[in-house]
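K.L.:
So you can see what is in the structure, the chains are spelled out below.
There are 2 protein chains.
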Amino acid sequence: MTAQGRIRPVRDRGEPLTVVAGGAGFIGSHLCRALLDRGEAVLCLDTLQTSRASNLAALQGHPRFEFLRHDITQPLPARVLDRTPRIARVWNLACAASPPRYQRDPEHTMLTNVVGTNSLLRLAEAAGARFLLTSTSEVYGDPEIHPQPEDYRGAVNCTGPRACYDEGKRAAESLAFDYGRAGRAEIRVARIFNTYGPNMDPADGRVVSNLICQALRGEPLTIYGDGRQTRSFCYVSDMVAGLLALMEAPVDGMEPVNLGNPAEITVKELLEQVVTLTRTRAPVVRRPLPQDDPRRRRPDIARARALLGWAPSVPLAEGLAATCAWFAAELGAEAGAAPAKASV
Amino acid sequence: MTAQGRIRPVRDRGEPLTVVAGGAGFIGSHLCRALLDRGEAVLCLDTLQTSRASNLAALQGHPRFEFLRHDITQPLPARVLDRTPRIARVWNLACAASPPRYQRDPEHTMLTNVVGTNSLLRLAEAAGARFLLTSTSEVYGDPEIHPQPEDYRGAVNCTGPRACYDEGKRAAESLAFDYGRAGRAEIRVARIFNTYGPNMDPADGRVVSNLICQALRGEPLTIYGDGRQTRSFCYVSDMVAGLLALMEAPVDGMEPVNLGNPAEITVKELLEQVVTLTRTRAPVVRRPLPQDDPRRRRPDIARARALLGWAPSVPLAEGLAATCAWFAAELGAEAGAAPAKASV
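Line by line, the protein sequences give chains A and B. Just so we're aligned: 262 in my numbering is position 262 of the first sequence, and the numbers increase by one with no gaps anywhere. Adding 1000 to a residue's 1-based position in the second sequence gives its number in my numbering.
In short, the hints are calculated from the structure, not lab data. Even glycine gets a Cβ: it sits at the ideal position worked out from N, Cα and C. Please note: incorrect hints may appear among the correct ones.
Just a sample of chain B residues kept apart from chain A, beta carbon distances all over 12 Å, derived [to be verified]:
(1) Ala1057
(2) Leu1068
(3) Leu1081
(4) Asp1204
(5) Gly1205
(6) Val1275
(7) Pro1283
(8) Ala1322
Computed Cβ-Cβ distance ranges for the label pairs, DEER-style [to be verified]:
(9) B:Arg1286 - A:Leu68: 47 to 57 Å
(10) B:Gln1074 - A:Arg69: 19 to 29 Å
(11) A:Leu48 - B:Arg1286: 56 to 66 Å
(12) A:Arg69 - B:Gly1183: 53 to 63 Å
Using the sequences and the hints given, assemble the complete structure.
P.N.:
Shown next as structure tokens:
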């Protein structure tokens, strides 16, 4: 796929087109930027339900970027279907990913993953396009083995409040592999572990953004449970590099691939790093662990290393510093250019 | 719910109505019969894709039975929606349940479980009706613990060829519990283990029907793997009694309930019982175990006993004899009243 001119539906020259569902979200916006940098023409579909308008604004100036507000649980609009023959790649990153957001409308979360994924798979099938699903480490639930390799079947509570997302993603994977097995579409499935960086939504309820925003605002820092649960945090540029490698690698795609950073730290250690970076003196408050919250989560990335030659390269200290700087600017702008309460 | 006259859409007297999706199937047809016997007015929805026409024919003579050919992946027709206020119970038994059948169109299997279940949940919500999902022991996948209690999270391969069914049912459960948690509908979820009896489809590919039909036809008896994998077989009258008890019991419904027979036998022992009953002298042929076929499956029915006071009562020998007799008549009728090759 090489650099092409601006998409002109009226004077369609048949350039290859890349569809990115969920392209206005946190990872999606970085992915769209990287695809544009690679010279691709990007058609971004997003509901903007959980995406930040500023992520989109930064992309919309680009001549090869086009945005269409669309909910993938609904039939694809003519503006997409009419260009089916041009579509070479279909990325599905569409779904609220933080528990408070995806639990707000669990029916919609499930349908986004199942009906939405199926609709995009049908589009890929009709287009002869390659399809990539961003699945999640949540398919492993609260895992009993560490780190989690891709053939671990997981420990998901399919009746609990997180199931709309976890089971929705498992169902989406199942659909993708069925299309792949039947030769209906060439598929790739990435299981994304915790990712952080600029463009995260401050109100998303993720541990990294929560702690940084609380520190920058001088608010008490919240820890759920005893803080000894571990997470592995991947900087967003590493994640996007992994996603691009998976989409474009000459592999058969019939195996899911973990993408994440295997460096494991406790939430308490993360808090200490955020305190050091932001120099906050705010107190720490403890809250009970939410239901079905995984105690430990760490990717086994042997498959990604072997298949894609990929591994994360940004150390946590470096990524956190960049993320803190971005949030400081973001919160400063939000507060009408007033300085953040804590020094950075 | 008491006995009511025949449903007359034109002169609707507002009798309570019971909707049974999948009511022409194996268990569905027995359930419809039991509901009619209890005096309920039954509206059966079925695609007839995997149901036997004769199951339906036996019901259609009943004055309180109404059939509508409908695929629950499609929007509910006016003939259902127009009677929403009358609907008191919604049963979802709709989905092909044998691996060869549900793997024929995995996309449809997934959508039946997710889109179909959601559509019926919305109907129950609009009607203020109680909803029961027939889920499956397949939500436990190839289990590592025996017997399986309801809080076991299962070992399902979400990328394999059985996932369209297993993950579809897990997703359907997730939807049902989300409706229940939000107070949108009163829900019940039964996890049905292997069930057998009259009205099974001879071509369904189940081990009981396969072995009995092969024996009655004098064909070689097929065993997959070494035959040491175990199953627990519940006679259909016991299953229907359990389903009715679960639907009508004054429980809160927010826990799934295993229904099945905990008496565990190997497939090889089942074969020996079928050989004894049918007196076949046909040879046994061994085939490789299909991918992701569970090695062992046995319900822990402590919850059903405690909540519903239910336990199966039909011994396997008795149930198998009745099933063999039914299949002998069925295959005899199929062959134009010619005697079955094996004596019964």
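K.L.:
Going back to the hint list, which numbers does this structure go against?
P.N.:
12
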